[in-house]
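The task is simple: from the sequences and hints, build the whole structure.
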Amino acid sequence: MAENLIEIKDLHVIYRTDDDEIYALNGVNLNVETGKTLGLVGETGAGKTTTALSIMGLLPDRVGFVKGGEINFEGKNLLKFSEAEMRLLRGNDISMIFQDPMTSLNPIHTVGEQIAEVLKLHYPELSKNDLEARVGEMLEMVGIPADRKGEYPHQFSGGMKQRIIIAIALACNPKLLLADEPTTALDVTIQAQVLKLMSELKERLNTSMILITHDLGVVAQICDSVAVMYAGEVIEYGTVEDIFEGRRHHPYTVGLFGSIPDMTKKTDRLNPIEGLMPDPTSLPPGCRFAERCPHCMEICSKASPDMVIKDTHQIKCHRFTIQAKNLE
Amino acid sequence: MTNAKVNAPGEKSNVSVKIHQFKKKSQFKAVWMRFKKNRLGMFGLIVFLLMITVVLGADLYLDYENQAIAQQLSVRFKPPSAEHLLGTDQFGRDVFARVVYGGRISMFVGMATIVVSLTAGAIIGSCAAYYGGKVDNILMRIMDVFLAIPNILMAITLVAALGSSIFNLILAMGISQIPRMSRIVRSSVLSVIGQEYIEAAKACGTGDVRIIFRHILPNAMGPILVQVTQTVARSIITISSLSFIGLGISEPTPEWGSMLSEAKSQLRYYPYLAVAPGIAIVMTVMSLTLVGDGLRDALDPRLKN
Amino acid sequence: MVKYIIKRLFLIIPVILGVSFIIFSIMNLTPGDPAIMILGEGAKPEQYAALREQMGLNDPFFIRYLRYVLDAVKGDFGKSYRTNIPVLQEIATRLPYTLKLAVSSELIAIFFGLPIGVLSAVKQYTKTDNIALGTSLLLTSMPSFWFAMMLILLFSLKLRLLPSLGIDTWKHYILPAIATSSSTLASLIRMTRSTMLEVIRQDYIRTARAKGAPERKVVFGHALRNALLPVVTIIGVNFGISLGGAIVIEQVFAIPGLGQLMVNSIRAKDTPMVVAAVLFAAIIASIINLIVDIFYTYIDPRLKSQYTTIKAKKVTS
Chain P
59 MAENLIEIKD LHVIYRTDDD EIYALNGVNL NVETGKTLGL VGETGAGKTT
109 TALSIMGLLP DRVGFVKGGE INFEGKNLLK FSEAEMRLLR GNDISMIFQD
159 PMTSLNPIHT VGEQIAEVLK LHYPELSKND LEARVGEMLE MVGIPADRKG
209 EYPHQFSGGM KQRIIIAIAL ACNPKLLLAD EPTTALDVTI QAQVLKLMSE
259 LKERLNTSMI LITHDLGVVA QICDSVAVMY AGEVIEYGTV EDIFEGRRHH
309 PYTVGLFGSI PDMTKKTDRL NPIEGLMPDP TSLPPGCRFA ERCPHCMEIC
359 SKASPDMVIK DTHQIKCHRF TIQAKNLE
Chain C
219 MTNAKVNAPG EKSNVSVKIH QFKKKSQFKA VWMRFKKNRL GMFGLIVFLL
269 MITVVLGADL YLDYENQAIA QQLSVRFKPP SAEHLLGTDQ FGRDVFARVV
319 YGGRISMFVG MATIVVSLTA GAIIGSCAAY YGGKVDNILM RIMDVFLAIP
369 NILMAITLVA ALGSSIFNLI LAMGISQIPR MSRIVRSSVL SVIGQEYIEA
419 AKACGTGDVR IIFRHILPNA MGPILVQVTQ TVARSIITIS SLSFIGLGIS
469 EPTPEWGSML SEAKSQLRYY PYLAVAPGIA IVMTVMSLTL VGDGLRDALD
519 PRLKN
Chain L
172 MVKYIIKRLF LIIPVILGVS FIIFSIMNLT PGDPAIMILG EGAKPEQYAA
222 LREQMGLNDP FFIRYLRYVL DAVKGDFGKS YRTNIPVLQE IATRLPYTLK
272 LAVSSELIAI FFGLPIGVLS AVKQYTKTDN IALGTSLLLT SMPSFWFAMM
322 LILLFSLKLR LLPSLGIDTW KHYILPAIAT SSSTLASLIR MTRSTMLEVI
372 RQDYIRTARA KGAPERKVVF GHALRNALLP VVTIIGVNFG ISLGGAIVIE
422 QVFAIPGLGQ LMVNSIRAKD TPMVVAAVLF AAIIASIINL IVDIFYTYID
472 PRLKSQYTTI KAKKVTS
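So the protein lines, in turn, are chains P, C and L. Residue 59 is where the first sequence starts when you use the working numbering, and the numbers rise one by one after that. Residue 219 is where the second sequence starts when you use the working numbering, and the numbers rise one by one after that. Residue 172 is where the third sequence starts when you use the working numbering, and the numbers rise one by one after that.
Warning: the hint list may mix true and false statements.
[Unchecked claim] Straight-line alpha carbon distances no greater than 25 angstroms define the calculated SDA-like cross-link-like pairs of lysine to any residue that follow:
1) Lys388(L) x Leu189(P)
2) Lys178(L) x Gly351(C)
3) Lys388(L) x Leu111(P)
4) Lys482(C) x Leu332(L)
5) Lys388(L) x Asp77(P)
6) Lys186(P) x Arg387(L)
7) Lys482(C) x Lys329(L)
8) Lys298(L) x Asn256(C)
9) Lys388(L) x Arg192(P)
10) Lys294(L) x Asn256(C)
11) Lys475(L) x Ser215(P)
12) Lys254(C) x Thr306(L)
13) Lys255(C) x Leu263(P)
14) Lys254(C) x Asp339(L)
15) Lys178(L) x Leu357(C)
16) Lys298(L) x Asp76(P)
17) Lys255(C) x Lys294(L)
18) Lys174(L) x Ile166(P)
19) Lys296(C) x Leu328(L)
20) Lys329(L) x Gln484(C)
21) Lys294(L) x Val121(P)
22) Lys255(C) x Ser215(P)
23) Lys329(L) x Tyr488(C)
24) Lys388(L) x Asp76(P)
25) Lys178(L) x Phe192(L)
26) Lys255(C) x Asp78(P)
27) Lys482(C) x Asp339(L)
28) Lys329(L) x Phe295(C)
29) Lys298(L) x Asp77(P)
30) Lys255(C) x Lys298(L)
31) Lys388(L) x Asn231(P)
The hints are simulated quantities; they were obtained by calculation from the structure and are not laboratory data.
And the structure:
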């Protein structure tokens with residue numbers, strides 16, 4: 059039985075502005091096994107990035123607060139860690155890469171210096187030569203000639219910048235990599251390259267990964283399990299086969315798949331999911347998807363559904379609760 | 219983080235109606251509403267308006283000839299009292315009256331100067347922006363040469379050549395500000411012309427004149443207006459500096475800078491003479507600066523932090 | 172990089188020529204007869220005519236200008252109408268004082284303005300930030316000469332700590348330099364604060380935190396260097412303003428610099444002196460601006476790479 063590298067239990071996070079409290083995460087539950095990749099999908103605003111930032115302890119200062127829950131990494135609750143302890147983890151055991159490679163690198167340091175920085179932070183005992191060697195190694199690993207380490211970020215293309223960022227993230231051989239839409243800002247052809255690179259590296263280094271994306275195609279390619287998020291909750295969770303080939307799904311997931319334009323069929327209009335996500339400052343009681351759900355029942359607007367579990371597949375929907383009860 | 223209002227299921231979105239209504243509400247009103255929320259900006263505006271009222275209404279409660287100009291050597295160097303609110307100077311003139319009338323001169327010169335520099339600067343700047351290419355290049359190179367001369371030196375040179383009458387002072391200071399104003403107008407107009415909504419307007423078939431008046435000018439005016447407040451503020455300091463070194467408004471016309479120059483020679487024994495004119499300058503410039511800052515924040519639709 | 176420097180040096184020559192043309196034109200196209208000024212009112216008409224002929228005043232304007240430039244390049248800026256002493260001599264005596272004042276005021280502005288701006292940004296919205304912004308506002312709103320007078324009141328007259336006249340010892344420079352620095356100081360505080368605030372929001376700062384860098388390193392190692400880049404250009408541009416400010420402040424402290432010379436010459440209608448004094452000030456301001464610009468190109472890798480060939484840099488340097 060593979061061990062869970064990281065377990066998130068009932069995580070609640072709010073953002074507090076001058077006017078409002080925004081309920082960003084409302085009881086998120088997730089696991090990732092060692093060496094596996096979890097795809098975290100959902101619309102913008104569902105809480106995917108917030109989940110990743112919570113793991114890293116990088117919620118914006120003075121604005122983001124964890125209100126409850128646990129994040130257990132290798133059995134220890136990260137939420138109880140001090141800032142100093144978290145800093146030891148960041149870049150070392152848990153790394154994160156962000157969406158826009160064009161602006162994620164410091165323009166006035168060479169790329170070599172930026173890779174070296176993360177190494178120096180966590181392995182200060184490394185000799186100069188070892189450091190140089192490792193930097194060159196990492197560059198080669200992501201497909202960039204090592205002798206370019208003295209160049210500055212503006213001398214590289216977008217795809218190459220993202221590869222440098224991957225090099226920085228993986229330099230200390232982290233156990234967990236959080237990738238927040240790493241290919242969204244790149245051209246489609248470059249996307250494929252970068253994904254292939256990530257997939258290979260992940261295999262080679264046995265890194266676990268949480269891949270945040272709204273692109274279901276990417277999920278199908280490299281993820282082992284999938285969690286679908288909506289309005290700050292995980293509403294469906296399972297292996298890639300469960301989600302892509304299973305017969306039963308949360309209505310939202312059905313909508314997501316249905317909204318992907320199919321090039322083989324002739325249609326007149328796109329199929330978006332009607333409506334918008336609920337206002338995060340005042341969430342409705344009951345199921346958060348009730349307003350937009352084509353199968354909405356009376357109980358849905360009153361009570362929040364439980365997670366219905368069948369083997370590896372979990373769905374948070376009253377329809378299945380009732381079905382499950384009927385089967386008993 | 220913004221609040222997203224959600225329609226109940228089944229309710230038709232009335233977003234299109236809202237857009238139409240927003241267009242009718244003038245842009246100036248929107249900016250004004252935002253400005254009103256800026257406490258410092260409002261404070262500056264109120265102070266400035268108060269000062270203008272005090273200064274403009276001076277004749278109603280003060281006597282220019284008797285209090286500000288006529289010398290009464292028997293009451294020299296009197297400290298502040300009920301009769302002379304801020305005391306008297308070395309010629310027995312009432313300091314309060316001189317400060318108030320001095321304000322008239324300073325504000326008048328400040329505003330007149332901006333009229334000169336803005337008119338010329340706007341013509342040069344918009345020509346450069348509109349015609350672009352060689353015209354733009356030549357005009358801006360010429361402006362660059364002017365800008366290479368520090369502002370106050372330019373003013374000093376012009377005053378040296380033209381003389382110190384009020385008209386010439388306004389001319390000198392106005393001319394010295396033209397290069398900067400033209401650059402600002404040019405960049406403001408350029409940035410508006412480059413926006414996509416101008417292209418969109420053209421793509422809809424909107425005529426050029428309509429584009430200029432409905433789209434370019436209203437959007438370019440904002441940053442220009444901010445610069446105007448800053449330039450008027452700077453002019454007030456410049457005119458007082460010129461008067462201070464003896465190249466500006468001449469005696470016996472009261473002017474804050476020349477009053478400070480006189481006060482300097484009396485600094486050891488009558489320091490109070492140096493306080494009032496200086497504070498008057500600070501208040502004027504500070505309130506104008508606050509208004510300018512508030513305006514700049516109100517024009518910038520980006521949410522702060 | 173050297174080629175770039177040489178190119179910029181060449182480019183500044185037309186600017187300097189332009190400046191000289193403007194100043195020369197302004198001063199020489201306005202009414203006033205130098206012959207009368209030099210000989211006084213009582214001389215005979217033939218004497219005036221002879222002097223005008225001798226000074227070349229009857230020649231067309233452009234010839235006079237060209238003659239002026241050619242002479243100036245050789246170091247001859249004419250003779251004072253008042254004293255008949257070569258203008259350059261007088262300027263050379265006085266210029267150093269003004270320069271010392273301008274430079275020391277810039278240094279004060281940099282030394283205090285940058286740290287206060289950074290502190291203000293890092294502690295945004297706190298009391299420190301508000302005090303810094305308030306101070307900056309006050310400094311811009313005060314005329315520097317009034318600031319000087321207040322400083323004299325406090326430090327010279329009341330506390331008797333510092334001198335208020337002349338320029339004999341280093342102590343004499345303190346109050347004048349502080350007063351002159353006020354506008355640049357205010358600008359630097361505001362500018363540094365705003366660039367720091369902008370830089371701290373950048374994505375690469377987030378990357379640095381994600382690497383596990385301590386906050387101190389994030390602020391100083393990453394944010395600061397990026398934030399200071401635009402500030403450098405401000406320093407270059409502001410030198411001209413400092414120079415202008417120094418000229419006014421000289422009147423307050425009776426410093427025998429270029430400013431006093433300018434004012435006296437203007438009153439005496441001593442055209443060659445005025446032209447040369449303003450010209451020198453403008454040229455120096457342009458050159459300092461150029462030097463700072465070149466320095467900026469050197470320290471910003473994005474610009475530097477356009478003008479140099481990069482050699483493979485060692486990572487650990």
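Hint check:
| no. | hint | in the structure |
| --- | --- | --- |
| 1 | Lys388(L) x Leu189(P) | holds (19 angstroms) |
| 2 | Lys178(L) x Gly351(C) | holds (23 angstroms) |
| 3 | Lys388(L) x Leu111(P) | holds (20 angstroms) |
| 4 | Lys482(C) x Leu332(L) | holds (19 angstroms) |
| 5 | Lys388(L) x Asp77(P) | violated (33 angstroms) |
| 6 | Lys186(P) x Arg387(L) | holds (23 angstroms) |
| 7 | Lys482(C) x Lys329(L) | holds (15 angstroms) |
| 8 | Lys298(L) x Asn256(C) | holds (19 angstroms) |
| 9 | Lys388(L) x Arg192(P) | holds (22 angstroms) |
| 10 | Lys294(L) x Asn256(C) | holds (21 angstroms) |
| 11 | Lys475(L) x Ser215(P) | holds (18 angstroms) |
| 12 | Lys254(C) x Thr306(L) | holds (24 angstroms) |
| 13 | Lys255(C) x Leu263(P) | violated (56 angstroms) |
| 14 | Lys254(C) x Asp339(L) | violated (53 angstroms) |
| 15 | Lys178(L) x Leu357(C) | holds (22 angstroms) |
| 16 | Lys298(L) x Asp76(P) | holds (18 angstroms) |
| 17 | Lys255(C) x Lys294(L) | holds (24 angstroms) |
| 18 | Lys174(L) x Ile166(P) | holds (23 angstroms) |
| 19 | Lys296(C) x Leu328(L) | holds (20 angstroms) |
| 20 | Lys329(L) x Gln484(C) | holds (15 angstroms) |
| 21 | Lys294(L) x Val121(P) | holds (15 angstroms) |
| 22 | Lys255(C) x Ser215(P) | violated (44 angstroms) |
| 23 | Lys329(L) x Tyr488(C) | holds (13 angstroms) |
| 24 | Lys388(L) x Asp76(P) | violated (30 angstroms) |
| 25 | Lys178(L) x Phe192(L) | holds (22 angstroms) |
| 26 | Lys255(C) x Asp78(P) | holds (19 angstroms) |
| 27 | Lys482(C) x Asp339(L) | holds (21 angstroms) |
| 28 | Lys329(L) x Phe295(C) | holds (20 angstroms) |
| 29 | Lys298(L) x Asp77(P) | holds (22 angstroms) |
| 30 | Lys255(C) x Lys298(L) | holds (21 angstroms) |
| 31 | Lys388(L) x Asn231(P) | holds (22 angstroms) |
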